[in-house]
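K.L.:
Working from the sequences, and respecting the hints, build out all of it.
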Amino acid sequence: TFKICATRTRARMSKKRTAAAAAIATQKPSARPKPAPSRWPEYAAIGIALIAVWWAYAPSLHAPFLFDDATLFPAIPGAASFMAWVGRIRPLLMLSYWVNMRMSGSDTFSYHVGNVIIHCAASGVMYFAVRRMLDWAQVEQRMRTALAGFCALLFLLHPLQSEAVAYLAGRSEALSSLFFYAAFAVF
332 TFKICATRTR ARMSKKRTAA AAAIATQKPS ARPKPAPSRW PEYAAIGIAL IAVWWAYAPS
392 LHAPFLFDDA TLFPAIPGAA SFMAWVGRIR PLLMLSYWVN MRMSGSDTFS YHVGNVIIHC
452 AASGVMYFAV RRMLDWAQVE QRMRTALAGF CALLFLLHPL QSEAVAYLAG RSEALSSLFF
512 YAAFAVF
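All letters in the sequence shown, in the order written, are residues 332 to 518 by my numbering.
Hint data in this document are derived by calculation from the structure and do not stem from the laboratory. Cβ coordinates follow ideal geometry from the N, Cα and C atoms, glycine included.
So the derived label-pair ranges between C-beta atoms look like this:
1) Phe481 to Trp386: 10 to 20 Å
2) Trp467 to Gly436: 39 to 49 Å
3) Phe398 to Ala468: 35 to 45 Å
4) Met474 to Asp399: 34 to 44 Å
5) Arg463 to Ala383: 22 to 32 Å
6) Leu485 to Phe440: 26 to 36 Å
7) Pro395 to Val517: 29 to 39 Å
8) Trp467 to Phe440: 40 to 50 Å
9) Ile382 to Arg473: 19 to 29 Å
P.N.:
Laid out in structure tokens, this is it:
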């Protein structure tokens, strides 16, 4: 009885497979579902960009406080108080400095890493903003992705941006570019 049941089940499954294959074969080419595009090139590009950022900005991660940095951070009276930092002008900027100060005190490493993270986020948001503009211009999908990636990579690694990343007081520029591109991307 087991062999009979197994044979009947195989026969039913075979009929279902042939019916499904015939249905797919009779569909118009445009009605057939297209396989999902592979996402590994995008992930590889993101990985390469992160390695390039690390390579470009790693020498500045252990740099000391310079110029305005020395007056911005440790010299503020009552620097441990949250309101002494955030109650001043530009509260979001000062909040980010306060978080760094609470994490590492006067060690500059976390300040520099914070700047690099903000800069990477601004570059990622710029990618979406440029894609949105190219979408409005009705540029082909592959070209849109390639151009947006190139613009984001150029923004990420251009030497002009090194001041906003390596100089701790330049965080205000990195934050403003992040929010500018974010507002443009969601518009």
